[in-house]
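Student: Sequence:
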Amino acid sequence: MSGLPGLVADSLERTVRFPEAPRLTVHETCSRTVLRSVTGDRRHPYDYALETITRAGDDAHVAVNAAAVLRRELRRRSWHRSTVAIGATGSDPYGHLEERYRLMPGVVSTLAEFETPFALYTGSDLVLRDLTMLRVVRHAVPTTVVVTVPCLDVDLCRRVDPDGSSPVERIEAVRRLADAGLAPHVRIAPLLPLLTDSTSQLDELLGLLAEAGADRVSVSVLVLSDDGYLDWLADEHPALVRRYRSLYGRGSYAPADYAVRLRERMAPLVRRHGLERPHDEEVTPVREAAPAVHEQDVGEQALTLF
Numbered sequence: 001m002s003g004l005p006g007l008v009a010d011s012l013e014r015t016v017r018f019p020e021a022p023r024l025t026v027h028e029t030c031s032r033t034v035l036r037s038v039t040g041d042r043r044h045p046y047d048y049a050l051e052t053i054t055r056a057g058d059d060a061h062v063a064v065n066a067a068a069v070l071r072r073e074l075r076r077r078s079w080h081r082s083t084v085a086i087g088a089t090g091s092d093p094y095g096h097l098e099e100r101y102r103l104m105p106g107v108v109s110t111l112a113e114f115e116t117p118f119a120l121y122t123g124s125d126l127v128l129r130d131l132t133m134l135r136v137v138r139h140a141v142p143t144t145v146v147v148t149v150p151c152l153d154v155d156l157c158r159r160v161d162p163d164g165s166s167p168v169e170r171i172e173a174v175r176r177l178a179d180a181g182l183a184p185h186v187r188i189a190p191l192l193p194l195l196t197d198s199t200s201q202l203d204e205l206l207g208l209l210a211e212a213g214a215d216r217v218s219v220s221v222l223v224l225s226d227d228g229y230l231d232w233l234a235d236e237h238p239a240l241v242r243r244y245r246s247l248y249g250r251g252s253y254a255p256a257d258y259a260v261r262l263r264e265r266m267a268p269l270v271r272r273h274g275l276e277r278p279h280d281e282e283v284t285p286v287r288e289a290a291p292a293v294h295e296q297d298v299g300e301q302a303l304t305l306f
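FYI, in our numbering the residues of the sequence shown are 1 to 306.
Quick caveat, the hints were computed from the structure, so don't treat them as lab data. Do not take every clue at face value.
As the list claims (entries may be wrong) - Label-pair ranges, simulated between beta-carbon atoms:
{"no.": "1", "residue 1": "18", "residue 2": "246", "range": "40 to 46 Å"}
{"no.": "2", "residue 1": "129", "residue 2": "18", "range": "17 to 23 Å"}
{"no.": "3", "residue 1": "114", "residue 2": "276", "range": "31 to 37 Å"}
{"no.": "4", "residue 1": "80", "residue 2": "32", "range": "40 to 46 Å"}
{"no.": "5", "residue 1": "178", "residue 2": "82", "range": "24 to 30 Å"}
{"no.": "6", "residue 1": "59", "residue 2": "265", "range": "37 to 43 Å"}
{"no.": "7", "residue 1": "168", "residue 2": "14", "range": "35 to 41 Å"}
{"no.": "8", "residue 1": "82", "residue 2": "256", "range": "27 to 33 Å"}
{"no.": "9", "residue 1": "45", "residue 2": "169", "range": "44 to 50 Å"}
{"no.": "10", "residue 1": "135", "residue 2": "274", "range": "39 to 45 Å"}
{"no.": "11", "residue 1": "113", "residue 2": "15", "range": "31 to 37 Å"}
{"no.": "12", "residue 1": "250", "residue 2": "20", "range": "23 to 29 Å"}
{"no.": "13", "residue 1": "236", "residue 2": "169", "range": "41 to 47 Å"}
{"no.": "14", "residue 1": "236", "residue 2": "39", "range": "37 to 43 Å"}
Don't be surprised by glycine CBs; every beta carbon is placed ideally from N, CA and C.
Working from the sequences, and respecting the hints, build out all of it.
Tutor: Here it is as structure tokens:
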């Protein structure tokens, strides 16, 4: 992809639009780096983050030379094969633009070549396109696939993650990943207080995830980054606006006691569905993007779920 017309040197950019998404402005960039150190940041469980595509509203930036730059970075003597998280801090690496650019096969094969473990976060069943590769790669390096599933409500799922697949498609992706021996993790993200956090809703979702073969489950609670979500809430669920303001106050994060109560409600459900694992999972926040949630962001202070 680095040989695209109009991209003739590092750090150049070309802006394009596609007929299937006329409102979206895509900036094709030749990046100098694709790895970002998050070591020492307690919000992130991994050492490095990697993003091939980042999207904010109607703008997207695509690192068209991602695999080549990654290869250069991994060849450095200073590289110690630290775990790399793909899609954990930004946009979905298997979002709609990946269908066009096909960046992930090159990224995954490069990580495997340099024996670098990685964790892949996605809410799209497009990950199944690379299932054969992932099945092979997992024998070479530790490979974790995390599928995000916000809820079972189709409309809400589309609103909070318009670049992802439907709930049914996500759960089927979990099933196929499990059948391939990849032991998929599932992140319920973003969990919407008062909309998708009832015990019955969580019980149903956990049951389906367990039946599909999920290895473990964690939860990320919605983070309010601006008033966009509350504006949407006022239009769609006006009765909840006051309760949200009471819950979040003037901040972006739900209070710690909300996460504690959520953990207490979920723990018996997790045990009942056989999803309890020796290693603790977390209740963490997810960033919101007015009203769609394009980015995930682990919060300032993670709380143990079970």
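Student: Could you check the hint for me, namely that residue 82 and residue 256 are 27 to 33 Å apart, CB to CB?
Tutor: holds, 30 Å
Student: Take a look at whether the Cβ-Cβ distance between residue 113 and residue 15 falls inside 31 to 37 Å.
Tutor: For residue 15 against residue 113, whose Cβ atoms are near 32 Å apart, the range 31 to 37 Å holds.
Student: Okay, residue 178 versus residue 82 on CB: inside 24 to 30 Å?
Tutor: holds, 27 Å
Student: Taking 40 to 46 Å as the hint, is the beta-carbon distance of residue 80 and residue 32 inside that range?
Tutor: Violated - the Cβ-Cβ distance for residue 80 and residue 32, about 21 Å, lies outside 40 to 46 Å.
Student: Do residue 45 and residue 169 keep their Cβ atoms within the hinted range of 44 to 50 Å?
Tutor: With Cβ atoms ~27 Å apart, the hint is violated.
Student: Please check whether residue 129 and residue 18 have a Cβ separation lying inside 17 to 23 Å.
Tutor: holds, 19 Å
Student: Verify the CB-CB distance for residue 236 and residue 169 against the hinted window 41 to 47 Å.
Tutor: violated, 23 Å
Student: Indicate whether the distance between the beta carbons of residue 18 and residue 246 respects the range 40 to 46 Å.
Tutor: With Cβ atoms ~43 Å apart, the hint holds.
Student: Looking only at beta-carbon atoms, does the pair residue 236, residue 39 fall within the given range of 37 to 43 Å?
Tutor: holds, 40 Å
Student: Could you tell me whether the CB distance from residue 250 to residue 20 stays inside 23 to 29 Å?
Tutor: violated, 40 Å
Student: Hint says 31 to 37 Å; check whether the CB-CB distance for residue 114 and residue 276 agrees.
Tutor: holds, 35 Å
Student: In this structure, is the beta-carbon distance linking residue 59 and residue 265 contained in 37 to 43 Å?
Tutor: At 38 Å between Cβs, range holds.
Violation of the numbered hints given earlier is confined to hints 4, 9, 10, 12, 13; the remaining hints are satisfied by the structure.
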